[in-house]
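Protein chains in written order, with my numbering: chain A, 262 to 551; chain B, 381 to 653.
A portion of the hints provided could be inaccurate.
Claimed, not checked - Using C-beta positions, here's what the derived DEER-type ranges look like: (1) B:K622 with A:E392: 17 to 25 Å; (2) B:D571 with A:E300: 45 to 53 Å; (3) B:H536 with A:G302: 52 to 60 Å; (4) B:P392 with A:E392: 57 to 65 Å; (5) A:L326 with B:K622: 39 to 47 Å; (6) A:S546 with B:V591: 39 to 47 Å.
These are computed hints drawn from the structure, not numbers from a lab.
For each residue, glycine too, the CB sits at the ideal point set by N, CA and C.
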Amino acid sequence: MEGIINTENLIFEYSIYDENGDETGKNRVLENITLDIKEGGFVAVLGHNGSGKSTLAKHFNGILLPTEGKVLIDGIDSTDESRIYDIRQTVGMVFQNPDNQIVATIVEEDVAFALENLGVEPKEIRRRVDEALKIVDMYHYREHAPHQLSGGQKQRIAIAGIIAMRPRCIVMDEPTAMLDPKGRKEIMATIKALNKEHGITVILITHYMEEAAQADRVIVIDKGKILLDDVPKKIFSEVELLKSVGLDVPQATELMYDLRKSGVDAPSDIIDVDECAEFLFRLLSDKEQK
Amino acid sequence: MLKDITIGQFFPGNSIVHRLDSRFKIILDILYVVMLFVAGNFYSLAVAGVFMLIIYMLSNISFRLIFKSLRPIFPIILFTCLLNLFFIKGEGEPVISFGFINIYMEGLTTSLFMTIRIVFLIIGMSLLTYTTSPIALTDAIESLFSPLKKIHFPVHELAMMMTIALRFIPTLIEETDKIMAAQKARGANLDTGGLIKKAKALVPVLIPLFVSAFKRANELALAMECRCYRGGEGRTRIKQLKSGVKDYIALVIFAVVLAGVILLNIYIPILGL
Numbered sequence: 262m263e264g265i266i267n268t269e270n271l272i273f274e275y276s277i278y279d280e281n282g283d284e285t286g287k288n289r290v291l292e293n294i295t296l297d298i299k300e301g302g303f304v305a306v307l308g309h310n311g312s313g314k315s316t317l318a319k320h321f322n323g324i325l326l327p328t329e330g331k332v333l334i335d336g337i338d339s340t341d342e343s344r345i346y347d348i349r350q351t352v353g354m355v356f357q358n359p360d361n362q363i364v365a366t367i368v369e370e371d372v373a374f375a376l377e378n379l380g381v382e383p384k385e386i387r388r389r390v391d392e393a394l395k396i397v398d399m400y401h402y403r404e405h406a407p408h409q410l411s412g413g414q415k416q417r418i419a420i421a422g423i424i425a426m427r428p429r430c431i432v433m434d435e436p437t438a439m440l441d442p443k444g445r446k447e448i449m450a451t452i453k454a455l456n457k458e459h460g461i462t463v464i465l466i467t468h469y470m471e472e473a474a475q476a477d478r479v480i481v482i483d484k485g486k487i488l489l490d491d492v493p494k495k496i497f498s499e500v501e502l503l504k505s506v507g508l509d510v511p512q513a514t515e516l517m518y519d520l521r522k523s524g525v526d527a528p529s530d531i532i533d534v535d536e537c538a539e540f541l542f543r544l545l546s547d548k549e550q551k
Numbered sequence: 381m382l383k384d385i386t387i388g389q390f391f392p393g394n395s396i397v398h399r400l401d402s403r404f405k406i407i408l409d410i411l412y413v414v415m416l417f418v419a420g421n422f423y424s425l426a427v428a429g430v431f432m433l434i435i436y437m438l439s440n441i442s443f444r445l446i447f448k449s450l451r452p453i454f455p456i457i458l459f460t461c462l463l464n465l466f467f468i469k470g471e472g473e474p475v476i477s478f479g480f481i482n483i484y485m486e487g488l489t490t491s492l493f494m495t496i497r498i499v500f501l502i503i504g505m506s507l508l509t510y511t512t513s514p515i516a517l518t519d520a521i522e523s524l525f526s527p528l529k530k531i532h533f534p535v536h537e538l539a540m541m542m543t544i545a546l547r548f549i550p551t552l553i554e555e556t557d558k559i560m561a562a563q564k565a566r567g568a569n570l571d572t573g574g575l576i577k578k579a580k581a582l583v584p585v586l587i588p589l590f591v592s593a594f595k596r597a598n599e600l601a602l603a604m605e606c607r608c609y610r611g612g613e614g615r616t617r618i619k620q621l622k623s624g625v626k627d628y629i630a631l632v633i634f635a636v637v638l639a640g641v642i643l644l645n646i647y648i649p650i651l652g653l
């Protein structure tokens with residue numbers, strides 16, 4: 262129970278209404294989710310559209326409250342309204358569309374937004390804004406207007422706006438979904454730096470397998486239930502199970518899987534390109550020697 | 381094409397006029413309007429005009445912009461001018477008589493006077509927007525109106541709304557461009573036809589724009605909540621508005637010129653000029 266986020270038998274459902282406004286039934290989005298997220302980890306949450314992964318993410322900082330069960334953030338129950346700002350300061354959240362997260366017309370004023378809300382002293386705000394902008398490598402753009410920046414840069418500003426609060430955990434809800442490949446790379450590098458260099462717990466909601474493969478732990482959600490929860494190598498060795506719930510595996514893993522099917526003795530735990538290339542190189546040079 | 385629209389006509393710079401506290405600039409601008417309306421004769425009006433020209437020179441704003449700011453309100457100036465010209469009846473003989481139209485000497489002077497006053501008014505007001513960024517203006521308005529919080533006037537909320545509107549103008553313009561391109565690609569005809577036809581053709585552009593604006597608002601509210609937004613209470617700002625010696629000096633100069641204008645008003649008629 263010492264993790265930064267704990268959920269116990271979390272159930273979330275919403276009511277369905279007909280045209281007359283009468284309740285006709287309930288739609289259960291999350292079903293008995295029990296999770297324990299350790300501080301300092303890098304957790305990826307995978308699932309196809311409508312699996313409930315975004316709904317789950319919104320429970321991590323009290324945006325949504327459980328219908329049944331409990332969510333504890335650093336030991337605080339998310340239904341405790343008096344401490345909602347402590348919760349939101351502990352767990353920051355970054356969304357998909359960077360344009361819809363930026364409030365101010367100047368980069369540094371936007372990064373300062375959360376601190377202004379918290380009533381931090383102006384001098385301290387200045388210090389923390391500069392620090393946050395340097396962490397995401399956007400310090401040179403501090404006086405630009407958001408609309409002059411690229412998508413990846415805007416998303417990094419949105420991340421800076423969260424880390425200025427100095428949260429212990431950041432939940433990212435598909436932060437790369439609207440970005441081009443270059444922006445995606447920038448964001449993944451930023452996420453990894455936050456996790457490895459600054460010790461911030463990262464929960465990355467994504468449907469890009471290559472991104473999930475970089476995490477320490479992957480949780481696969483399907484129809485509101487936890488389907489798999491393990492290290493990426495183990496998760497992606499379950500190629501058939503993942504495919505059956507409409508998910509893919511990283512391309513390297515897919516290649517190994519196809520090779521195995523056609524009779525080559527390929528390992529099932531290869532998830533990144535380098536490992537894959539090394540294996541193929543060994544395989545081919547062995548053949549040549551024979 | 382739509383991207384070329386400039387909102388607020390701010391020209392960044394580092395002149396003394398740019399660096400004045402935006403709250404003071406608003407107050408000084410109001411003082412200038414007062415000055416123009418107090419000015420009762422051509423002499424005092426001339427003083428106000430010269431004063432404005434000196435400030436323009438200090439601000440390093442090109443004089444061409446003066447004409448640019450006047451262009452859109454030219455019809456109003458013309459209307460005022462003609463109205464005064466034709467409808468003021470003097471005591472003496474009409475200077476020009478053309479059928480039922482009689483133009484008197486008084487009409488001529490009043491119309492000239494009014495025109496000059498409006499021109500100065502516009503020039504003075506546009507100097508404020510030329511030298512002050514929209515954000516600084518918003519902050520100044522929030523600060524100047526803050527006493528109204530006592531009577532529960534939502535000052536902070538209004539300022540926040542203005543900031544968000546300013547923030548989203550470029551985003552929505554870009555989106556409008558995209559939607560227009562998309563609708564054109566589907567055969568929408570947006571450029572031809574009369575005014576009514578054109579207005580009707582805009583409906584398929586406006587509906588998706590509205591839907592998307594609502595979606596954006598929803599997401600933005602969520603993001604703001606995640607960043608602990610809870611209204612204006614107990615909020616601090618990264619940039620404090622600071623007033624210094626220069627702002628008070630500017631205020632004194634304005635007060636002196638205003639006094640001069642009032643004196644001219646009183647003494648010129650006495651001297652019989």
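How the hints compare with the structure:
no.	hint	result
1	B:K622 with A:E392: 17 to 25 Å	24 Å, holds
2	B:D571 with A:E300: 45 to 53 Å	59 Å, violated
3	B:H536 with A:G302: 52 to 60 Å	39 Å, violated
4	B:P392 with A:E392: 57 to 65 Å	27 Å, violated
5	A:L326 with B:K622: 39 to 47 Å	43 Å, holds
6	A:S546 with B:V591: 39 to 47 Å	58 Å, violated
The structure shown violates the earlier hints numbered 2, 3, 4 and 6.
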